[in-house]
Amino acid sequence: MQKYSHTLTIDGNNFNDLEGFYNEIARVFTDGSFPIGHNLDALNDLLIGGNGVYKVGEPVLIRWENADKSKIDLGYNATANYYDSRMKKCHPSNRAIFQKNLDDAKSYTGDTLFDIICKMLDQNKDHVHNCNLVLL
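Following this note's numbering, the residues of the sequence shown are numbered contiguously, the last one being 200.
Heads up, a few of these hints could be off.
[Said to hold, decoys possible] No more than 16 Å apart at the CA atoms, straight line, and that leaves these computed lysine to aspartate or glutamate pairs for EDC-like:
1) Lys133 - Asp105
2) Lys135 - Glu83
3) Lys183 - Asp167
4) Lys67 - Asp105
5) Lys135 - Asp175
6) Lys183 - Asp95
Everything labelled a hint here was simulated from the structure, so no lab data went into it.
Please model the entire structure based on the sequences and the hints provided.
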């Protein structure tokens, strides 16, 4: 069983949309001394550590309370809105993939924002952080 240097708790009752999620993450994962970006790339960077709460490389357990609520809040409707917004600002080379993701979300298929975020929060070979996620 892995030992964790920190256990951090995200509470789905503290937010109901992606912007609120970013605010919750900032509250939990930083010491408040600097603002974080409100995008998925910034979230990935934040998970590495060194933001006043845990050091780079320390093993961290992330507990997501009220995850069932968040699964709805960050579900297909929120995902469609996210990709629709991104389509208006994205680089032309990203349009095709964003359009596919938007179409998938509108068809209730593919990954939702909740799914994407959960994959990001849980350590795997694609991420350089040392966090593990438990949904509660």
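Given the hint that Lys135 pairs with Glu83, does the C-alpha gap stay at or below 16 Å?
holds (15 Å)
Can the restraint linking Lys135 and Asp175 be considered satisfied, given a maximum Cα separation of 16 Å?
With a Cα-Cα distance of about 11 Å, the restraint between Lys135 and Asp175 holds, given a limit of 16 Å.
Quickly compare the C-alpha distance for Lys183 and Asp167 to 16 Å and report which way the hint goes.
Given that 16 Å is the threshold and the Cα spacing comes to 21 Å, the pair is violated.
Can you confirm whether the C-alpha distance between Lys67 and Asp105 stays at or below 16 Å?
violated (27 Å)
Given pair status - Asp105, Lys133, alpha carbons within 16 Å:
Violated, at roughly 24 Å.
Please verify whether Lys183 and Asp95 have alpha carbons no more than 16 Å apart.
Not satisfied, since the Cα-Cα distance of roughly 24 Å exceeds 16 Å.
Of the numbered hints listed earlier, those contradicted by the structure are 1, 3, 4, 6.
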